[in-house]
Each structure stands twice: as C-alpha cells, then as structure tokens.
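> Keeping their order, the protein sequence lines are chains A and B. Per my numbering, residue 1 is the first one in the first sequence, and the count goes up by one each step. Per my numbering, residue 1001 is the first one in the second sequence, and the count goes up by one each step.
Just so you know, not all the hints are guaranteed correct.
[Unchecked claim] Stretch by stretch, here's where chain B covers chain A in the computed footprint (C-beta under 8 Å, at least three residues):
| no. | region |
| --- | --- |
| 1 | 35-49 |
| 2 | 98-108 |
[What the hints assert, rightly or not] List time: in silico DSS-like cross-link candidates among lysine-lysine, alpha-carbon distance up to 25 Å:
| no. | chain 1 | residue 1 | chain 2 | residue 2 |
| --- | --- | --- | --- | --- |
| 3 | A | K91 | B | K1009 |
| 4 | A | K91 | A | K54 |
| 5 | B | K1009 | B | K1071 |
| 6 | B | K1057 | A | K91 |
| 7 | B | K1057 | B | K1071 |
| 8 | B | K1070 | B | K1057 |
These are computed hints drawn from the structure, not numbers from a lab. Model, not experiment: these values are computed from the prediction. Glycine included, each C-beta is placed from N, C-alpha and C at the ideal position.
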Amino acid sequence: GIQVEQSPPDLILQEGANSTLRCNFSDSVNNLQWFHQNPWGQLINLFYIPSGTKQNGRLSATTVATERYSLLYISSSQTTDSGVYFCAGGKAAGNKLTFGGGTRVLVKP
Amino acid sequence: NAGVTQTPKFRVLKTGQSMTLLCAQDMNHEYMYWYRQDPGMGLRLIHYSVGEGTTAKGEVPDGYNVSRLKKQNFLLGLESAAPSQTSVYFCASARDGFYGYTFGSGTRLTVV
Chain A
1 GIQVEQSPPD LILQEGANST LRCNFSDSVN NLQWFHQNPW GQLINLFYIP SGTKQNGRLS
61 ATTVATERYS LLYISSSQTT DSGVYFCAGG KAAGNKLTFG GGTRVLVKP
Chain B
1001 NAGVTQTPKF RVLKTGQSMT LLCAQDMNHE YMYWYRQDPG MGLRLIHYSV GEGTTAKGEV
1061 PDGYNVSRLK KQNFLLGLES AAPSQTSVYF CASARDGFYG YTFGSGTRLT VV
C-alpha cells in the first residue's frame, strides 16, 4: 500500500510566525487531503488538493503530483492553529485514504 | 445540520463483551468510513462503504464487522472485545470519496 511520511513530527511556533509542513507519498495518488485535529480531538478537513495550489485564509497548500509531495503553509500563526495536521492520500477503489503520522504544532502566545 | 454524529462518545467494555458503534450522517453522502486512532498515531481504516448495502475491508478489519442497511447510517460492531481494541474510533463520510470529507467527534473505547 501507499506509505505517507510527514515532516517535521513536531513544530513549536511563536504566534505570528510562518511555517511549512511537508507530506511525501511512496506512490502517486489521485486523492490527497489535509486535515487539522484540534486539541479536543475534532478532525476538520482543510483541503482536497491532488495537484496545484489552494488557499483558505491564512492556510494554503501546494501539491506537486509528479514528485509525490504536498506542502501546507501556515502564515501569521495563531494559538488556534495548534493541534495535529494530517495529510492523507489514496488511489484505490472506494477512495480510501492512508494517513501520515501527523505533524504536531504548538503555537505559543 | 448535524453533520456526522457518533454514539456513544465513551464506553468501557470488559474483554469478551460485544457492542455496536453507530454513525449517522445527514448530508446524503454516498461514502462512509470507520477509522481507529491510537495514541501518537495517524488514523487507520477499519472498514468502508461506497453506498447503501455495500461494505468493504480496510487496513485493519480483523475483529470488527460493519453494516450499512440505510444510506445515512454506518454501524461498527465488535463481537468479542479485546484490550487491543482500546482506541478512539472515528466515523467519516464523503460525497464521492473526494469532496466534503467530514468526521464525527469520535468514540473513546476502553477494553479492560
């Protein structure tokens, strides 16, 4: 199956800082998603981004499908950005997703 | 809109007991999924469904069964609970497997 590696595993930011999270895939995918899990455990879908670039407020994502990686950018970080960011990808029947191990982000005030 | 609702939110089982976790969605999504999340790890797919009356195995299906008799409901059953099934279980639904991926708030299950 597809292997998904995320880096870095942990990230500590000062409020207002920018950061980049990376996700590498062992194989090409046609379904690529980014999720945020807040400190209370709730998972929120951020982006569906199999290729190209998308932006949503202070968050943006870029996927380079030919090189099998995706980047998530957090600009002007806020304490509410804390939590774990997961990328997930798939191409099999049922559009099943394989999740990476996550990047744990802590934004300090 | 409630989105995806999971019941119960917490449960403690004794080894060998059985239980059913219920997932209900009100978005008319075709695809539904059951994942488990263990401490410090990502999510692993247990079973999934691509439409009413269909089910299929995911990455870690052993010890679990599922049913999707109605489009809006996806049930996860544990026939004989084991301590290794202690985990947080998440249900998700998606319009077509790509768009509208929505998770429930999770069920924390402890098997003693």
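> Now tell me, hint by hint, if it's right for this structure.
Going through the hints against the structure:
1. 35-49: holds (count 7)
2. 98-108: Held - the region 98-108 of chain A has 5 residues with a Cβ nearer than 8 Å to chain B, which meets the minimum of three.
3. A/K91 with B/K1009: 31 Å, violated
4. A/K91 with A/K54: At roughly 20 Å apart (the allowed maximum being 25 Å), A/K54 and A/K91 satisfy the hint.
5. B/K1009 with B/K1071: 22 Å, holds
6. B/K1057 with A/K91: 15 Å, holds
7. B/K1057 with B/K1071: Given pair B/K1057, B/K1071 holds - Cα atoms ~18 Å apart, limit 25 Å.
8. B/K1070 with B/K1057: 18 Å, holds
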